[in-house]
Amino acid sequence: MKQSATIVLLALLFGACSSTKPPTQKLTQTEASIRQAEQVGAEEYAPLEIREARKKLEQSKDLVEDEKYEEAKRTADQAMVNAELAQIKSLSAKAQKAVYELKQSIQALQDEIQKNINSNQ
Amino acid sequence: MRTTKFLQLLLSGTLIISVLTACGGPPQNNPLLTEAEQAYNKAENDSLVVLKAPVALKEAEENLEKSQEIWQNKGDKELVEHYAYLAKQKTAIATETAKMNAAQDQVERAEAERKEVLLVARKAEAEAAERKAQQAIQELESVKAEAKDAQKRAEEMAGRINELEANQTERGLVLTLSDVLFDFNSADLKAGSRRVVDELTSFLNEYPNRRIQIEGHTDSIGSEEYNKQLSLRRANAVKEALVSNGISTSKINTVALGEEYPVASNINEAGRQQNRRVEIIVSDENGEISQRK
Numbered sequence: 001m002k003q004s005a006t007i008v009l010l011a012l013l014f015g016a017c018s019s020t021k022p023p024t025q026k027l028t029q030t031e032a033s034i035r036q037a038e039q040v041g042a043e044e045y046a047p048l049e050i051r052e053a054r055k056k057l058e059q060s061k062d063l064v065e066d067e068k069y070e071e072a073k074r075t076a077d078q079a080m081v082n083a084e085l086a087q088i089k090s091l092s093a094k095a096q097k098a099v100y101e102l103k104q105s106i107q108a109l110q111d112e113i114q115k116n117i118n119s120n121q
Numbered sequence: 122m123r124t125t126k127f128l129q130l131l132l133s134g135t136l137i138i139s140v141l142t143a144c145g146g147p148p149q150n151n152p153l154l155t156e157a158e159q160a161y162n163k164a165e166n167d168s169l170v171v172l173k174a175p176v177a178l179k180e181a182e183e184n185l186e187k188s189q190e191i192w193q194n195k196g197d198k199e200l201v202e203h204y205a206y207l208a209k210q211k212t213a214i215a216t217e218t219a220k221m222n223a224a225q226d227q228v229e230r231a232e233a234e235r236k237e238v239l240l241v242a243r244k245a246e247a248e249a250a251e252r253k254a255q256q257a258i259q260e261l262e263s264v265k266a267e268a269k270d271a272q273k274r275a276e277e278m279a280g281r282i283n284e285l286e287a288n289q290t291e292r293g294l295v296l297t298l299s300d301v302l303f304d305f306n307s308a309d310l311k312a313g314s315r316r317v318v319d320e321l322t323s324f325l326n327e328y329p330n331r332r333i334q335i336e337g338h339t340d341s342i343g344s345e346e347y348n349k350q351l352s353l354r355r356a357n358a359v360k361e362a363l364v365s366n367g368i369s370t371s372k373i374n375t376v377a378l379g380e381e382y383p384v385a386s387n388i389n390e391a392g393r394q395q396n397r398r399v400e401i402i403v404s405d406e407n408g409e410i411s412q413r414k
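Residue numbers (my numbering), protein chains in the order written: chain L, 1 to 121; chain Z, 122 to 414.
None of these hints come from the bench; they were simulated from the model. Check before you lean on any hint, since a few could be wrong.
[Stated by the list, open to error] Below, computed lysine-lysine pairings styled on DSSO-like, alpha-carbon distance capped at 27 Å: (1) Lys269/Z / Lys61/L; (2) Lys253/Z / Lys173/Z; (3) Lys97/L / Lys273/Z; (4) Lys236/Z / Lys253/Z; (5) Lys94/L / Lys179/Z; (6) Lys236/Z / Lys269/Z; (7) Lys21/L / Lys68/L; (8) Lys311/Z / Lys349/Z; (9) Lys311/Z / Lys26/L; (10) Lys103/L / Lys55/L; (11) Lys372/Z / Lys103/L; (12) Lys187/Z / Lys103/L; (13) Lys187/Z / Lys68/L; (14) Lys198/Z / Lys68/L; (15) Lys55/L / Lys115/L; (16) Lys372/Z / Lys311/Z; (17) Lys173/Z / Lys195/Z; (18) Lys187/Z / Lys26/L; (19) Lys187/Z / Lys55/L; (20) Lys94/L / Lys163/Z; (21) Lys115/L / Lys253/Z; (22) Lys115/L / Lys68/L; (23) Lys198/Z / Lys187/Z; (24) Lys103/L / Lys115/L; (25) Lys195/Z / Lys68/L; (26) Lys349/Z / Lys253/Z; (27) Lys265/Z / Lys115/L; (28) Lys187/Z / Lys97/L; (29) Lys26/L / Lys55/L; (30) Lys173/Z / Lys94/L; (31) Lys269/Z / Lys253/Z; (32) Lys173/Z / Lys187/Z; (33) Lys273/Z / Lys372/Z; (34) Lys163/Z / Lys187/Z; (35) Lys21/L / Lys372/Z; (36) Lys236/Z / Lys94/L; (37) Lys163/Z / Lys173/Z; (38) Lys115/L / Lys244/Z; (39) Lys103/L / Lys173/Z.
All figures in this text were calculated on a predicted structure; none of them were measured in a lab.
Start from the sequences and build out the full structure, keeping to the hints where you can.
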């Protein structure tokens, strides 16, 4: 009785300490995150970050193969953070481009108006 | 005895120092952690990031604290660097998020500005249209005034024509100076014709586009050749009188028609008197004179 309790305690401790299962969900999330980044143009706007995300995802998968689940999870986390960065960088670049284009169009509009005013006078 | 004590002291001192050195010593920096700390501090001091990306910044801070904690507890170096890496990337995410949010704010402002500009443009266009409408009205009124003027001039001219005792014929306006204005067999204008010449002068001055043709006619008494000469002299007499009044010779044609175009019978004196005449044909607006066919 006392012995089995010790075993349960040990099992719990082990479970808490290190992963015994592959981080399948984490990998799925990371893949989704990479796809999202690709969809908003990460290849163009954040090529380094998206490449890093893909590389780390592959590394994570290799670690799962080697049953190094704890390392695999960490690497997946790093892949994820890179995918997020790639996504936000792309969105940011697009927003800044939009600002630039809007400002240009306003300038063009103002020039046009000035021209019209001048030609009507 | 003293020497032994001194040695003992020296020995224990050395021991203490060596123990201290082994245990603590100033810990070497982890370059990845330092890098993450620097990046995070920079972002935390950026009011834009603090304001526009608080969540991402918080996540960066949490990862940084984990890394620092493991480092201070002399934990796994790999874990220290893992959280430092996450902290660094999360900091970058925070910075980019702030930039993106700021850009989106700017887009909103710029769109508002664009609307404002368009509004101003439309107002300017409306004002220009109004100005053009006013111009059109003014033009219309000036056209009306011109038409009125033209009508007035036409009426005045009609009045003049009456004064000249001219007749509107199919050749246009024709003025006939009868025989009584010349002496018999003479081309000198009688004093009575002065009034007609002066009227004609002021008429021509007033209507500068009009030209005249002066045609001399005689009765059938005398040779044809003589009559032609007489009719020319009489036409020229009228022309000279007009030229001496300042009318340009270029405006005046003279034609000698002799006895060719009688207006009455040459059998009796009354008829012959009607045939001895000078006719003045007034051109149209364009200076064209309708010729005899």
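task: Would you mind confirming whether the straight-line C-alpha gap from lysine 103/L to lysine 173/Z stays at or under 27 Å?
output: holds, 22 Å
- request: Mind checking the alpha carbons of lysine 55/L and lysine 115/L for me, to see if they're no more than 27 Å apart?
  value: Cα-Cα ~55 Å, so violated.
- prompt: Does lysine 198/Z pair with lysine 68/L here, judged by a C-alpha cut-off of 27 Å?
  reply: Measuring from Cα to Cα gives roughly 17 Å; hence the hint holds.
- prompt: Keeping to a limit of 27 Å between CA atoms, is the pair of lysine 103/L and lysine 115/L held or broken?
  reply: holds, 18 Å
query: Has the given pair, lysine 94/L with lysine 163/Z, been kept, meaning a C-alpha gap of at most 27 Å?
result: holds, 24 Å
message: What's the verdict on lysine 173/Z and lysine 187/Z, does the C-alpha distance respect the 27 Å limit or exceed it?
response: With Cα atoms ~24 Å apart, lysine 173/Z and lysine 187/Z stay inside 27 Å; holds.
- prompt: Does lysine 187/Z pair with lysine 55/L here, judged by a C-alpha cut-off of 27 Å?
  reply: Given that 27 Å is the threshold and the Cα spacing comes to 25 Å, the pair holds.
query: Is lysine 236/Z close enough to lysine 269/Z, meaning Cα to Cα at most 27 Å?
result: At roughly 49 Å apart (the allowed maximum being 27 Å), lysine 269/Z and lysine 236/Z break the hint.
task: Verify the proposed pairing of lysine 265/Z with lysine 115/L, using a straight-line Cα cut of 27 Å.
output: Not OK: lysine 265/Z and lysine 115/L at ~34 Å, beyond 27 Å, violated.
message: Does lysine 68/L sit within 27 Å of lysine 195/Z, going by the straight-line distance between their CA atoms?
response: holds, 23 Å
field: Given pair status - lysine 68/L, lysine 115/L, alpha carbons within 27 Å
entry: With a Cα-Cα distance of about 70 Å, the restraint between lysine 115/L and lysine 68/L is violated, given a limit of 27 Å.
- prompt: Is lysine 163/Z within 27 Å of lysine 187/Z, Cα to Cα?
  reply: holds, 19 Å
The structure does not agree with the numbered hints 1, 2, 3, 6, 9, 10, 11, 12, 15, 17, 22, 26, 27, 28 and 35 stated previously, though it agrees with the rest.
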